[in-house]
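Participant: Sequences listed follow chains A and B, in order.
The opening position of the first sequence corresponds to residue 13 in my numbering, with each subsequent residue numbered one higher.
The opening position of the second sequence corresponds to residue 13 in my numbering, with each subsequent residue numbered one higher.
Be aware that one or more of the hints could be misleading.
[Claimed, not checked] Here are the computed distance ranges between Cβ atoms for each label pair:
no., chain 1, residue 1, chain 2, residue 2, range
1, B, 279, A, 76, 43 to 49 Å
2, A, 146, B, 129, 32 to 38 Å
3, B, 119, A, 275, 57 to 63 Å
4, B, 123, A, 16, 44 to 50 Å
5, A, 274, B, 145, 57 to 63 Å
6, A, 169, B, 277, 54 to 60 Å
7, B, 230, A, 279, 52 to 58 Å
8, A, 145, B, 224, 54 to 60 Å
9, A, 236, B, 279, 57 to 63 Å
10, A, 133, B, 123, 33 to 39 Å
11, A, 80, B, 76, 55 to 61 Å
12, B, 218, A, 145, 32 to 38 Å
13, A, 274, B, 146, 23 to 29 Å
[Claimed, not checked] Straight-line Cα separation of at most 35 Å, DSBU-like style, residue types lysine-lysine; simulated pairs:
no., chain 1, residue 1, chain 2, residue 2
14, A, 110, B, 138
15, A, 58, B, 46
16, B, 91, A, 151
17, B, 270, A, 138
18, B, 133, A, 91
19, A, 18, B, 91
20, A, 151, B, 58
21, A, 138, B, 46
Worth flagging that the hints you see were computed from the coordinates, not collected in a lab.
Heads up, the beta-carbon is just placed ideally off N, CA and C, and yes, glycines get one too.
2 protein chains.
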Amino acid sequence: MLVNGKQGNLISIRDRGLLYGDGVFRTILAINSKARHWPLHYQKLKHDCIALGITCPDAAILSNQLNDLLEEYPDGVVKVIITRGEGERGYAPPISGKSTVIWDISPPPAYPEDRAEKGIKAGYCKLRLSNQPHLAGIKHLNRLENVLAAAELIDTEVDEGLLMDENDNVIEGTRSNLFMLLEGTLVTPDLSQCGVAGVQRDRVIDWATRNDMPLQVRDIGQEELLLADELFVVNSIIGIWPIRELDQRRWMDFPVAKQIRMGLDGEYA
Amino acid sequence: MLVNGKQGNLISIRDRGLLYGDGVFRTILAINSKARHWPLHYQKLKHDCIALGITCPDAAILSNQLNDLLEEYPDGVVKVIITRGEGERGYAPPISGKSTVIWDISPPPAYPEDRAEKGIKAGYCKLRLSNQPHLAGIKHLNRLENVLAAAELIDTEVDEGLLMDENDNVIEGTRSNLFMLLEGTLVTPDLSQCGVAGVQRDRVIDWATRNDMPLQVRDIGQEELLLADELFVVNSIIGIWPIRELDQRRWMDFPVAKQIRMGLDGEYA
Numbered sequence: 013m014l015v016n017g018k019q020g021n022l023i024s025i026r027d028r029g030l031l032y033g034d035g036v037f038r039t040i041l042a043i044n045s046k047a048r049h050w051p052l053h054y055q056k057l058k059h060d061c062i063a064l065g066i067t068c069p070d071a072a073i074l075s076n077q078l079n080d081l082l083e084e085y086p087d088g089v090v091k092v093i094i095t096r097g098e099g100e101r102g103y104a105p106p107i108s109g110k111s112t113v114i115w116d117i118s119p120p121p122a123y124p125e126d127r128a129e130k131g132i133k134a135g136y137c138k139l140r141l142s143n144q145p146h147l148a149g150i151k152h153l154n155r156l157e158n159v160l161a162a163a164e165l166i167d168t169e170v171d172e173g174l175l176m177d178e179n180d181n182v183i184e185g186t187r188s189n190l191f192m193l194l195e196g197t198l199v200t201p202d203l204s205q206c207g208v209a210g211v212q213r214d215r216v217i218d219w220a221t222r223n224d225m226p227l228q229v230r231d232i233g234q235e236e237l238l239l240a241d242e243l244f245v246v247n248s249i250i251g252i253w254p255i256r257e258l259d260q261r262r263w264m265d266f267p268v269a270k271q272i273r274m275g276l277d278g279e280y281a
Numbered sequence: 013m014l015v016n017g018k019q020g021n022l023i024s025i026r027d028r029g030l031l032y033g034d035g036v037f038r039t040i041l042a043i044n045s046k047a048r049h050w051p052l053h054y055q056k057l058k059h060d061c062i063a064l065g066i067t068c069p070d071a072a073i074l075s076n077q078l079n080d081l082l083e084e085y086p087d088g089v090v091k092v093i094i095t096r097g098e099g100e101r102g103y104a105p106p107i108s109g110k111s112t113v114i115w116d117i118s119p120p121p122a123y124p125e126d127r128a129e130k131g132i133k134a135g136y137c138k139l140r141l142s143n144q145p146h147l148a149g150i151k152h153l154n155r156l157e158n159v160l161a162a163a164e165l166i167d168t169e170v171d172e173g174l175l176m177d178e179n180d181n182v183i184e185g186t187r188s189n190l191f192m193l194l195e196g197t198l199v200t201p202d203l204s205q206c207g208v209a210g211v212q213r214d215r216v217i218d219w220a221t222r223n224d225m226p227l228q229v230r231d232i233g234q235e236e237l238l239l240a241d242e243l244f245v246v247n248s249i250i251g252i253w254p255i256r257e258l259d260q261r262r263w264m265d266f267p268v269a270k271q272i273r274m275g276l277d278g279e280y281a
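This is chain A alone, in the form it adopts within the complex (with noise of 0.2 Å):
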């Protein structure tokens, strides 16, 4: 673990990070010592730091600071935290600048092997996501809507929940982006009110882009979702996974998931 560049696992009870969730963060898939995808993730936490007016390090202060991490800790899931540091007492940001960085590490996820091949169940959760333009698509540490969907799963047979907006339109996983395949095209949530947006929606999106598949974002409705040929939910350490339950509905192949998870695989390999 990693604070301010320097070996320790401890921070102040006056960051900013824990009085008010006044920073962002990443999840990261590390493998032989290497980070999955660092450059994308790097602009998002560039771009997050930019929307919330906090001071983002440079690209190689943050590279050399996760190749220290990982020459100790090659494989993993690493969490990057960005915070707005201490300030004096109060909501208003302080000018200083000064950024907290943290980098932590944990074990490979135990997650069953299969899902990416059968698919997962998934269900609704009851916690509707609340509308807040400013926050929308940021990964910042306000999270305890993702903390109260994630508890309502718990004891369930539900390997994802899907979160809807207070308009009743479905907006992602609890800890995932969504995608849906109907008729040919690729749909996904519009997160301009809400949700986060992952860096693995931006690969499929891409992917989706190079490979000329018609690809739209905008709202998407409950009963439109149980029309779709397709559905996954993606994030950077799971991956893919296609759902084979949600409500009523099940699907048995999931050919387009497939070809995309093998698309996105093979670039990294």
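Position chain B relative to chain A; hints supplied.
Facilitator: Chain B in isolation, oriented as in the chain A frame:
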């Protein structure tokens, strides 16, 4: 500063308070080693912990920790944070229930002393509070909306910013609750969809009830606010600040705000 009862100013980077803002807090005024309205703050802490499923330590344990803190630092702004503690990777709350308790104290606030008498200049923030009934009223650590709202006020002459929800209801200040006196009735915004329910808000409501002042908790629109006979914002640190200026409207006297202020001050002299 205390962390889990021991002197210290550091917490683990794996604490869910940092990772997800998964915790609650309160801010308390301490004078001469006495924390004002501590029993009310404890009630709120307990209520908010229960709402989020976080284990709240017994009152006796927290009171002892508070006394330890005030023995060393008799005056200032006390902050107590209770987080869900550490857990496995992922949003789902751990079963363990081992929460983290953090105490901190800052110097007494340096606000101009005449604000309670002469009133403040208020203004509207552009940011709209998002509706989330599962989190409304709770003083949790997901405070990015307050940070963004407070940032709007930097380099302005506005002493406190008022926040509306997406339906144009006025909800609260960036760091305070709001009251309006309208034709002899005290009105404060309904907080069932968003906002933070402060201890000082409860005290004013309680005072009105005990003093037979008509009171309503309901939605308040921007236009109605300008019709008010008096407006004031409250929190545990500032007490009661009347608003002397909002948009084009000016108020010169605040007899009811003063009456309530002196009533509340007298109760805890």
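Participant: Taking the hints in turn, state whether each one holds.
Facilitator: Checked hints:
The beta-carbon spacing between residue 279/B and residue 76/A, approximately 58 Å, falls outside the hinted interval of 43 to 49 Å. Between residue 146/A and residue 129/B the C-beta distance comes to about 36 Å, which sits within the given range of 32 to 38 Å. Taken as a hint, the range 57 to 63 Å holds for the pair residue 119/B and residue 275/A, whose Cβ atoms sit roughly 59 Å apart. Checking the proposed 44 to 50 Å range against residue 123/B and residue 16/A shows it is violated: the Cβ atoms sit about 33 Å from each other.
Distance hint check: the CB atoms of residue 274/A and residue 145/B are about 43 Å apart, inconsistent with the given range 57 to 63 Å. Look at residue 169/A against residue 277/B: about 57 Å separates their beta carbons, and that is inside 54 to 60 Å. Separation of residue 230/B from residue 279/A is about 57 Å and conforms to the stated range, judged on CB atoms against 52 to 58 Å. Between residue 145/A and residue 224/B the C-beta distance comes to about 44 Å, which lies outside the given range of 54 to 60 Å.
Checking the proposed 57 to 63 Å range against residue 236/A and residue 279/B shows it holds: the Cβ atoms sit about 58 Å from each other. The given range of 33 to 39 Å is broken by residue 133/A and residue 123/B, whose C-beta atoms sit roughly 55 Å from each other. Remark: the range hint 55 to 61 Å for residue 80/A to residue 76/B is contradicted by a beta-carbon distance near 42 Å. Between residue 218/B and residue 145/A the beta carbons are some 37 Å apart, a value that agrees with the proposed interval 32 to 38 Å.
Residue 274/A and residue 146/B have their C-beta atoms about 40 Å apart, which leaves the hinted 23 to 29 Å range violated. Taking the CA atoms of residue 110/A and residue 138/B, the gap is near 26 Å; set against the 35 Å cutoff, the hint holds. Straight-line distance between C-alpha atoms of residue 58/A and residue 46/B comes to about 45 Å, which puts the hinted pair past the 35 Å bound. Proximity of residue 91/B to residue 151/A is assessed by CA-CA distance (about 27 Å); at most 35 Å being required, the pair is judged to hold.
A distance of roughly 45 Å separates the Cα atoms of residue 270/B and residue 138/A; the hinted pair therefore is violated under the 35 Å criterion. A threshold of 35 Å between alpha carbons decides the hint, and for residue 133/B with residue 91/A the separation of about 43 Å lies outside it, so the pair is violated. Restraint check for residue 18/A and residue 91/B: the C-alpha separation of about 28 Å stays at or below 35 Å, so the hint holds. Our distance criterion of 35 Å between C-alpha atoms is met by residue 151/A and residue 58/B, whose separation comes to about 29 Å.
For a cut-off of 35 Å, the pair hint linking residue 138/A to residue 46/B is broken: about 43 Å separates their Cα positions.
Violated hints for the displayed structure, listed by number in ascending order: 1, 4, 5, 8, 10, 11, 13, 15, 17, 18, 21.
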